[in-house]
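Residue numbers (our numbering), protein chains in the order written: chain R, 1 to 165; chain F, 1 to 165; chain Y, 1 to 165.
Heads up, some of the hints might be wrong.
No distinction is drawn between identical chains; accordingly, a pair holds when it is met within one copy or between any pair of copies.
[Unchecked claim] Heads up, simulated DMTMM-like pairs for lysine to aspartate or glutamate below, C-alpha to C-alpha not over 25 Å straight-line:
{"#": "1", "residue 1": "Lys86", "residue 2": "Asp49"}
{"#": "2", "residue 1": "Lys86", "residue 2": "Glu36"}
{"#": "3", "residue 1": "Lys86", "residue 2": "Asp108"}
{"#": "4", "residue 1": "Lys86", "residue 2": "Asp110"}
{"#": "5", "residue 1": "Lys86", "residue 2": "Glu76"}
{"#": "6", "residue 1": "Lys86", "residue 2": "Glu135"}
Bear in mind the hints are in silico, worked out from the structure with no lab data behind them.
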Amino acid sequence: MTKSSAINAESAAPSVSALTGALTIRADTLSVVTAERVELTDVTDRVCDLVAASGVREGIVSLWSMHTTCAVFINEAQRALHADIKRLLETMVDRHADWMHNDPQHSDCDRVNADAHLRAMLLGHSLTLQVTAGEPVLGQWQRVLVAELDGPRSRTLRVQIMGIS
Amino acid sequence: MTKSSAINAESAAPSVSALTGALTIRADTLSVVTAERVELTDVTDRVCDLVAASGVREGIVSLWSMHTTCAVFINEAQRALHADIKRLLETMVDRHADWMHNDPQHSDCDRVNADAHLRAMLLGHSLTLQVTAGEPVLGQWQRVLVAELDGPRSRTLRVQIMGIS
Amino acid sequence: MTKSSAINAESAAPSVSALTGALTIRADTLSVVTAERVELTDVTDRVCDLVAASGVREGIVSLWSMHTTCAVFINEAQRALHADIKRLLETMVDRHADWMHNDPQHSDCDRVNADAHLRAMLLGHSLTLQVTAGEPVLGQWQRVLVAELDGPRSRTLRVQIMGIS
Chain R
1 MTKSSAINAE SAAPSVSALT GALTIRADTL SVVTAERVEL TDVTDRVCDL VAASGVREGI
61 VSLWSMHTTC AVFINEAQRA LHADIKRLLE TMVDRHADWM HNDPQHSDCD RVNADAHLRA
121 MLLGHSLTLQ VTAGEPVLGQ WQRVLVAELD GPRSRTLRVQ IMGIS
Chain F
1 MTKSSAINAE SAAPSVSALT GALTIRADTL SVVTAERVEL TDVTDRVCDL VAASGVREGI
61 VSLWSMHTTC AVFINEAQRA LHADIKRLLE TMVDRHADWM HNDPQHSDCD RVNADAHLRA
121 MLLGHSLTLQ VTAGEPVLGQ WQRVLVAELD GPRSRTLRVQ IMGIS
Chain Y
1 MTKSSAINAE SAAPSVSALT GALTIRADTL SVVTAERVEL TDVTDRVCDL VAASGVREGI
61 VSLWSMHTTC AVFINEAQRA LHADIKRLLE TMVDRHADWM HNDPQHSDCD RVNADAHLRA
121 MLLGHSLTLQ VTAGEPVLGQ WQRVLVAELD GPRSRTLRVQ IMGIS
């Protein structure tokens, strides 16, 4: 799928790589169906599959949650740690505080989900990962986690891969 | 404005699109003049206008706050929720704690704005959004919000659009 | 090093620049050796050097921490403020709470570092900065800070520069 790429001969150091070519952009969507109100899902393997299918060898992959109350972030895939993450979110943002967003006098939202908005804001709605050799760059223990914060729902991430194929 | 782009005929699935072409990069700035110390401004429409004006159809748009005490993040544009966001920031980072940054013995900053630095750190100073069909990719309720945390001030965001035109 | 770039003559406003050309991608790594358990390191100058060495004049630079317990974020380089940042992290995420990740009954991790995972999640593991005129775009007081949260360790950031050279 390579068009006009070429290894840059100036790069001697082993940690350095350089490439020049045309830009390829491919976009996909990734769905996550959740069963709990607050739920973490590891989508790393699915992101890797989409990157591989794009044919892009060097570049970036952008992950974007299409929802205000669904976040995407990096951490380890361990059940005990995921329980700690949920506990921290509950401590930092009390679901049952008297948030204005949950008050019919001030808000037309009937989901009573202010905590979900606030928790997603702290985790973030997107990630931009590097791609090399056709794979996302991740550390040994790093996994891409989607945080459902107002489920159960069906959620969509937009996945865009940009780079040299 | 297209140079050498071409739809990738291999992409059969309806959610998939792929394009190859030359890279176009355009940069602009966006100003926000604030009236309060802590204030949220919805700049979504202005970002959309800049993306449209760039001629880039597929790619990314990077939003970068040029200030340590001004953040940019995603959430819903609702007055009640914005009040909740301000309240959460006040709870998580107490303005009147004895921060060293506010102590003339340790700091040459006379703005007494440690809270603004810490709150911006939690919200983040930048976003990288996807662009498709000449528009930023956003979910139904997602808006791009600028958080003034040490106003009133005049603030600048750098907006860079990169992709295939 | 320019291949086929050209200033877009349509752009009259002083804040606007536009360029079209081939895509160059270069990747490097950046090491940070830490001496404390929680430690902030300013890597701005080293990122600037890598961007300059890449030959990319307009584009983006992605910084990615290869570790779950090491974050990268933007703030001012001031010793007093860095003390405040550490204090806030300690307040928001109590190291000595009974986290499940630290409990041998639930976790095979012997580092007892749940707090480091949770603190990194709040700061974020990556940044995507804009590049213009061969330099990262940063505000007057903005510095790129690496947060060691479970040191002392040797840490690696992957630095990828993408754009028009």
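Verification of the hints:
Taking CA atoms no more than 25 Å apart as the test, lysine 86 paired with aspartate 49 passes in neither setting, with 28 Å inside one copy and 38 Å between copies. In this assembly of identical chains, the alpha carbons of lysine 86 and glutamate 36 lie at most 25 Å apart only when taken from the same copy (12 Å versus 28 Å across copies). Taking the shortest alpha-carbon separations for lysine 86 and aspartate 108, only the inter-copy value of 19 Å comes in at or below 25 Å, while the best intra-copy value is 27 Å. Proximity of lysine 86 to aspartate 110 under the C-alpha cut-off of 25 Å is found in both arrangements, the shortest distances being 23 Å within a copy and 21 Å between copies.
Proximity of lysine 86 and glutamate 76 under a CA criterion of 25 Å is satisfied in both settings, with 14 Å inside one chain copy and 22 Å between copies. Taking the shortest alpha-carbon separations for lysine 86 and glutamate 135, neither the intra-copy value of 29 Å nor the inter-copy value of 34 Å comes in at or below 25 Å.
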